[in-house]
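Undergrad: Chain residues, written in single-letter form:
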Amino acid sequence: MFEGFSSIILNIDFYAAIVRMSTPLLLGAIGSLMAERAGIVTFSMESMMLMGTVGGIIGSGLMNNAWAGVGLAIIFGVLIGLIYGIWAVSIGSHQIVTSVGLNLGSLGITSILYALTFMKGGEVVEEIIKVPTLPITKIPLLGDIPFIGPVFFNHYPLVYVGYLLVPMVWYILYKTTWGLKVRAVGEHPHAADTVGISVIKVRYQTLILSGAFSGLAGAFLSICMLGSFQENMTAGRGFIAYTAIVFGKWQPIGVALGTLLFGAADALQLRIQAMNENIPYQFLIMLPYVVTMIALISVVGRASWPAASGLPFKREEG
Amino acid sequence: MNKESKIKEIWTAYLDKSFSITVPLAAILLAFLVSGIIMLIWGANPLEAYEALFAGAFGSPNAFATTLERTTPLIFTGLAVTLGYRCGFFNVGAEGQLYMGAIAAIWVGIMLPNLTGWILIPLAALASAFMGVLWISIPAFLKAKRGINEVLTTLLMNYIAIQYFEWEIRVDHFKEGVLDYYGNVPEWGFLNYFIGLKDPTQPYPKTPLLTDNTFMPSLKRLMELPFVENLFGNMVWYQEFVKVPAIGRMTLTPVLGLITAGLLFFLLFRTVTGYKARAVGINPAAAKFMGINVPNTLLTTALISGALGGLAGGMEVLGTQHRVIPNFLVSAGFDGIPVALIGGLHPFGALLSAVFFGALRAGSNRMQVVTTIPVAVVYIIQALAILFAIAGTTIDFQAILKKNRLKRAAAKKAALEAAHAGEGEASRV
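These protein sequence lines map, in sequence, to chains A and B.
First residue of the first sequence? That's 1 in the numbering used here, and the numbers climb one at a time after it.
First residue of the second sequence? That's 1 in the numbering used here, and the numbers climb one at a time after it.
These are computed hints drawn from the structure, not numbers from a lab.
Possibly wrong hints are sitting among the right ones.
Unchecked claim - Below, in silico cross-link-like pairs of lysine-lysine (DSBU-like), each with a Cα-Cα straight-line distance of 35 Å or less:
no., chain 1, residue 1, chain 2, residue 2
1, B, 403, B, 413
2, B, 145, A, 249
3, B, 175, A, 314
4, A, 314, B, 403
5, A, 201, B, 175
6, B, 145, A, 201
7, A, 181, B, 403
8, B, 206, B, 175
9, B, 402, A, 201
10, B, 243, A, 314
11, B, 407, B, 288
12, A, 249, B, 288
13, A, 314, B, 413
14, A, 314, B, 402
Sequences are here, hints too, so could you generate the full structure?
TA: As structure tokens, then:
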């Protein structure tokens, strides 16, 4: 058992797998961080990701080009972001309740879209459809560095998007006027409104970004890692990504570390599963959820929510 | 006013008076309308589809029995969500509680096969409720004592429960002198005696069929009781009715769901506990100020909610399936959430919307056969209904109406004044 464990830990592939398994969580969590900072609870990430998975498959399958899949995944994600915006921002309904509704709905809608797209003569095809996937792209110079190269720079292109996203979001949030607006809207929407910031507009903008990157995360699951679609294939990754935001205390670096932790749990369980037959695989599949649960328990109390998180904004009328 | 209570006040403002059927009904109709438009665009006839849907749900005794079967677990999970939400505990974990409850009921049925049904069935139901309580206890304690958001914790517990369930129905259950599927004598271990639930003679993960003393009494059994037969035996309708095969599938479980809804109504609206729970749900800070022990109230309510979630699984096992396989009840736990929300978070509302969802599920197969519209369309109807219901409960229609009325009144007054002014001028001339 111990020998097996050390053979996992000493293997470079394991670290590459951590990066790979963290990427969908990272894309979703960092992409939704801005919406979170603007005071929106992005519990709807799960449905955005799910729509991203099916968007990726449909785009890639129909156009026979994986990048078309990426584009459609983003469009689908943004669409859910806008629908969520109508409810959470414009109508001002309870955000978690709305998200749960969206998650349930997208479960069915993804299956329908998939079935309708790949119907053959009125019959839903039974076998799993394989579509073109994004190729693994090695970064020229960096990829040749020993250890660091294969772990960080020999991946699917979307992984690199994740790397760039973390500093970008940090820069946007803390160094740009728009970032200041986002934070103001999340901390004190009424004050922001008084100085002429359109709370509604900023929240919609962040939700569009959240949808786009969560859709990208879904595309990563479907057209990078598998090249096929399964019902409910995100399996709660949207919720785990949301926990990473809580875990990282709404700071880009912290959130990125949180996704790495959960990605590591996922990578570890896959490795043990492949190696050891004595541990029932169901307990290994549980592992990321258990780790998430423990992280959630240990971090809360220290978490600092944006002050207006989950609050609908209504301008007081005199 | 703190932020949490503010949202809840918006959301629960209309709910607390009584059960309003207008918003959910309008939401459902709107959902059917929009789905119909989607079907039209797709090139199918929505009227034909809805006709098939209705016929598949209520068109025959058999269809009606299927609707009842689909409705029962939804009643219990819907009530679980309803009760939790009323106290500000959003139980998203009914799915996990349901799976654990089903395991418990199967376990009791397998371990004590020789007990008489009068003891065995209540015992199995209690066991399933207990497992539900056990499964919600961690999120409940975390919420009540440490203020950790229950939505994430209950949700994560679902995934853990489902994997545990998948494992348990793959471990062979010990059976004296039984060879396994391949004809070998299995090596029995501790797990096989006390935990494993798989039927060893089967290649697939499947628990053994429970003995019929665990079967919930059906309408057929009731009709065949000697004194009922003596009473109505020579009447024509009785002789016709007994011959209908579907009455063998109509069991006591939906009735138990009905009774549970009644009890929950009593608990919520006629007892001190219910009053406290609702007070905490509307505004925890105010409830604390009133002298209510908020953590204890939250804990009690959440545990009862978990018991209801567990009962959903137990009732399915005792009343309908009598054995479990992977995915034996597709997302009935998650569907408890829309059931509760469309039911206006009222026990009787949950009952009605459970019937609506059960009928959708029961009828969808026929719809697919008749019109080739995929079964998953019901998910779209369901999603739209829930979104419209959420919007409908948030938008304060009365405030808008009042505003319009005030506007109209102001316009009228202005017009009158203008007219008066005109008269005045006229008289002056």
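Undergrad: For every hint, state whether the structure bears it out.
TA: To see whether the hints hold, each was checked on the structure:
| no. | hint | in the structure |
| --- | --- | --- |
| 1 | B:403 with B:413 | holds, 15 Å |
| 2 | B:145 with A:249 | holds, 21 Å |
| 3 | B:175 with A:314 | violated, 65 Å |
| 4 | A:314 with B:403 | holds, 16 Å |
| 5 | A:201 with B:175 | violated, 66 Å |
| 6 | B:145 with A:201 | violated, 38 Å |
| 7 | A:181 with B:403 | holds, 32 Å |
| 8 | B:206 with B:175 | holds, 15 Å |
| 9 | B:402 with A:201 | holds, 28 Å |
| 10 | B:243 with A:314 | violated, 62 Å |
| 11 | B:407 with B:288 | violated, 40 Å |
| 12 | A:249 with B:288 | holds, 28 Å |
| 13 | A:314 with B:413 | holds, 29 Å |
| 14 | A:314 with B:402 | holds, 18 Å |
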